[in-house]
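Going by the UniProt record's numbering, the sequence shown opens with residue 1, and the numbers climb by one from there.
Treat the hints as calculated values from the structure; they're not laboratory data. You may find that some hints are simply not true.
To be verified - With a straight-line Cα cutoff of 30 Å, these simulated DSS-like cross-link-like pairs (lysine-lysine) come out:
no., residue 1, residue 2
1, K156, K182
2, K131, K142
3, K149, K131
4, K51, K132
5, K133, K156
6, K53, K142
7, K132, K53
8, K51, K34
9, K132, K142
10, K142, K51
11, K187, K142
12, K182, K132
13, K187, K133
14, K34, K132
15, K187, K34
16, K187, K149
17, K132, K156
18, K53, K133
19, K133, K149
20, K187, K156
21, K132, K149
22, K142, K156
Unchecked claim - With beta-carbon atoms standing in for the labels, derived distance ranges:
no., residue 1, residue 2, range
23, L190, G103, 21 to 29 Å
24, A17, Y94, 26 to 34 Å
25, S54, S189, 34 to 42 Å
26, S54, E130, 33 to 41 Å
27, E127, G50, 41 to 49 Å
28, S136, Q157, 33 to 41 Å
29, E127, L185, 25 to 33 Å
30, Q114, A178, 23 to 31 Å
31, T138, G50, 41 to 49 Å
It should be emphasised that the depicted structure is a prediction, and the values quoted were computed from it without experimental measurement. Each residue gets a CB set at the ideal place from its N, CA and C atoms; glycine is no exception.
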Amino acid sequence: MIDLAGIGNLLEYLVGADNITCEERDRIILRITKENDIAEYTLSALAGYGKSKSEVLESVARRKNSVSQDKKQDESYISLTEIARAHSEDAPGYVIQSWLRSGNTLAFLNLWEQENNPDYSEAGYEELLEKKKAASFTLIPKLWIDRTKAIGIVSKQGKARGTFAHPMIACEFASWIAPEFKMLLIKLSLGRTHLK
């Protein structure tokens, strides 16, 4: 199952950051819908298809303003659980834990939090790096959040349970899990002429 809303949020973030144009966003969305037999009439509501640049910038600004210091998930956060479920339907949590085991992942999360979170605890990060050396240690999202006061990843319980992340972090996760997505990001970063 394709999470069009999550993909739309990711693409909207890329449009807002001037990494892709609205036209490129629409081409990507159309390609995804054709490959997955999704009705085009659902695109504007679910994936932001057809939104102008000013509408995208307004939406991105609204999301940025809605991020509060009490770590409430804003609407642009993307479900890592759903991305992982596409890779491993039975154990998406294990996929996320595997991602968190990587030193590169933790270094990336550390950098993101340093840039975006004034309450971030780098001492908590250092403590987790030390504990990670033990073979029996398992790092789960909730532990990362609790020890470092992270806001880039949110772990929710209850009906809407799962692990959610800021679009930048979701891009990092998606590029770790899917080489095709990593290739798309690299093409986008090298120039728009490479994206067909």
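Inset, instruction - List, from low to high, the hint numbers that the structure doesn't satisfy. - result: When the structure is compared with the hints, numbers 4, 6, 7, 10, 11, 13, 14, 16, 18, 20, 25, 26, 28 turn out to be violated.
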